[in-house]
Amino acid sequence: MKYITTINDRKFEIEITNDGRLIVNGQPREIDFLPLGETLYSLIMQTNSHEVVVEQREGEVEVLIGGHLFSGRVMDERAQLMASRRGGGFTETGEITIRAPMPGLVVAIPVTEGQEVAAGQTVVILESMKMQNELKSPRAGIVQRVSVEPGQSVEQKKILITIT
Amino acid sequence: MTGELSLNKVKKVLIANRGEIAVRVIRACRDLGIPVVAVYSDADRAALHVRYADEAVHIGAPAPRESYLRIDKIIDAARKTGADAIHPGYGFLAEKAEFAAACADAGITFIGPSPYAIEKMGDKQTARETVKKAGVPVVPGTEPGLRDEELIAEARQIGFPLMVKASAGGGGKGMRVVHRAEDLPESLATARREAESAFGDGTVYIEKFLVGGRHIEFQILADLHGSTIHLGERECSIQRRHQKLVEEAPSPFLDDDLRRRMGEMAVRAAQAVNYVNAGTIECMVDKDRNFYFLEMNTRLQVEHPVTELVTGVDLVKEQIRIARGRRMGPLESVMEPNGWAIECRINAEDPYNNFIPSVGRISTLITPTGPGVRVDSGMYSGFEITPYYDSMIAKLICWGDTRSEAMLRMRRALAEFTIMGLKHNIPFHLNLLNSFSFIAGQFDTKFVEERFSMNTYQEPPTDEEIEAAAIAATLVADRNRRLASQVVNANTRDTSNWKWLTRYERMRR
Chain A
0 MKYITTINDR KFEIEITNDG RLIVNGQPRE IDFLPLGETL YSLIMQTNSH
50 EVVVEQREGE VEVLIGGHLF SGRVMDERAQ LMASRRGGGF TETGEITIRA
100 PMPGLVVAIP VTEGQEVAAG QTVVILESMK MQNELKSPRA GIVQRVSVEP
150 GQSVEQKKIL ITIT
Chain B
0 MTGELSLNKV KKVLIANRGE IAVRVIRACR DLGIPVVAVY SDADRAALHV
50 RYADEAVHIG APAPRESYLR IDKIIDAARK TGADAIHPGY GFLAEKAEFA
100 AACADAGITF IGPSPYAIEK MGDKQTARET VKKAGVPVVP GTEPGLRDEE
150 LIAEARQIGF PLMVKASAGG GGKGMRVVHR AEDLPESLAT ARREAESAFG
200 DGTVYIEKFL VGGRHIEFQI LADLHGSTIH LGERECSIQR RHQKLVEEAP
250 SPFLDDDLRR RMGEMAVRAA QAVNYVNAGT IECMVDKDRN FYFLEMNTRL
300 QVEHPVTELV TGVDLVKEQI RIARGRRMGP LESVMEPNGW AIECRINAED
350 PYNNFIPSVG RISTLITPTG PGVRVDSGMY SGFEITPYYD SMIAKLICWG
400 DTRSEAMLRM RRALAEFTIM GLKHNIPFHL NLLNSFSFIA GQFDTKFVEE
450 RFSMNTYQEP PTDEEIEAAA IAATLVADRN RRLASQVVNA NTRDTSNWKW
500 LTRYERMRR
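Listed in order, the protein sequences are those of chains A and B. Residue numbers for the first sequence follow numbering that gives the first Met the number 0, so the first one is 0 and each next one is one higher. Residue numbers for the second sequence follow numbering that gives the first Met the number 0, so the first one is 0 and each next one is one higher.
For the record, the hints were derived by calculation from the structure and aren't laboratory data. Be careful, since some hints might not be right.
[Said to hold, decoys possible] Computed footprint of chain B on chain A; a stretch qualifies when at least three of its residues, placed anywhere within it, have a C-beta under 8 Å from a C-beta of chain B:
1) 6 to 19
2) 23 to 36
3) 39 to 52
4) 58 to 67
5) 120 to 132
[As the list claims (entries may be wrong)] Capping the alpha-carbon separation at 25 Å, the derived lysine to any residue pairs in SDA-like fashion look like this:
6) B:K79 to B:D104
7) A:K10 to B:E463
8) A:K1 to B:D104
[To be verified] Chain A residues, not near chain B, derived (Cβ > 10 Å throughout):
9) L80
10) V110
11) Q114
12) E115
13) V145
Backbone N, C-alpha and C define an ideal beta-carbon position, used for all residues, glycine too.
So that you can see chain A by itself, here it is in the shape it has in the complex (with noise of 0.2 Å):
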């Protein structure tokens, strides 16, 4: 079975032969992969010792190692073709949107629909956990939607503004 592998944006083709082999990038590789608990596990590679825990979530794989984290996703070669006749990648709408990164409530909205705002600006401010957190634009637009009021309790992943 072949994989296409993304971790960081680094791109590995990593192929599990039937016979139990594995290559990556072409290149044979001599592993010992140990399970160790539900997320756990011992890889050896060469001599070099590793411990690693790789949690799937929605679609997305998260693996530690080394006290790095690091996000990526797994494609086999069916995913792969089916995302390469869609043509590859995602395609960008123009529109972002701004969502609770946390339950929580809305204490404040410094902006105002149809309002200009500049990279980095503060767009909600949310209180969670006893702090008050600024969220703040990815990127220069114009608000489009303001779906929230302060006072407002929210859930986790509510959209709060639609920036254009």
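Given chain A's structure and the hints, the job is docking chain B onto it.
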């Protein structure tokens, strides 16, 4: 007086708190052979402090206002379980004079200072006035209760930068540094809003901001027999938005002379309110070594373990001893700490994303151990971190013979600490320990915000680590795919296909 005091038996302690500090107090009680009662909200039914306690009483909904801040429910819980003493921990009701008084009225020993001392020190302005009379230096500032126009006028006298502070404040809430006169009105509004929501009191005042100032505090212990001592200082200048992130004892900035003079001042400040039990005198020290009283925290501090590790004193045990009316263990101030201790606060906050809080279930937890390592934590694998309470989920404290040894141990322990399921600030601590300024002890309270970046000291992953991550992710995905499509029979091949792969590799060698 002693005859009456010996009546405070302390046979069962109720802990009016949650999280790591509740667990910490349970441990001290266990060491003393005292049974403990936990209280919990709906959000904490599965919390560690409930699991560890002898008895547990449900006190209401997740919002603190409806549970951990409900004096009536907590006193009821003590009555119901026959607890004759209450430990308040830190935060919640720990610095509410009303709570200490309610305990006294109910005939329950409050493990902490008198309502009088809490009242005097709890209001920052009254505290300033009180210690000033005892000859303790304070930072120049205004009295509280002034209207915005008056504060703006006073600000011109004091000069910029200055600090807006909530009168009822603590933990950085309702606190703002203002550099320019034109920013003052907005900062006053934000501070009032935060103070109103956090403490139900929007009263603020302003204070001169000391440039290059360090936050250094002294641990105080005082008993009912007239002894008041200090256990040396803690350096708490590594902060972000006035929230301490790293604390150490001793401070790399103090020498013996400054420690002696500040210690004497701290003891005088505590005596000014007839302080009894454990407390902390917080000071600002400017770059010219002038020191000023900032405030007194009339409770156990989050960072108390660093003092415990360099003095050998169990502060919670001493608190209980003092509350029982006994003489405290140590009788003289600690002038020479033993070795060095550093604490890193492990917060559920994403250091790569403006330290935004993160919630979720702890999916994997590996806790560091080994020489010189202590972990105070309220979590376990499978525990859910909710948005209702503070984002601090654990404290990692390391001891070493010297500051360098403590730092190296901290780096090792941080690398061992594995927490998955939510974002946390361990990467921040690792980067901080790589920073030359921190290693050299050259920092002030603005260091993290103004001169530290997650990128500067980041150790990039090696190529091998990235490849190892890709291989591990792929092998796990491959197994899951096989299981899902039933290419293999789950019962016979679930883990054995790994062994098979492994065996194959071994055969080839």
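If you check each hint against the structure, which ones fail? As far as the earlier hints go, only 8 is violated by this structure.
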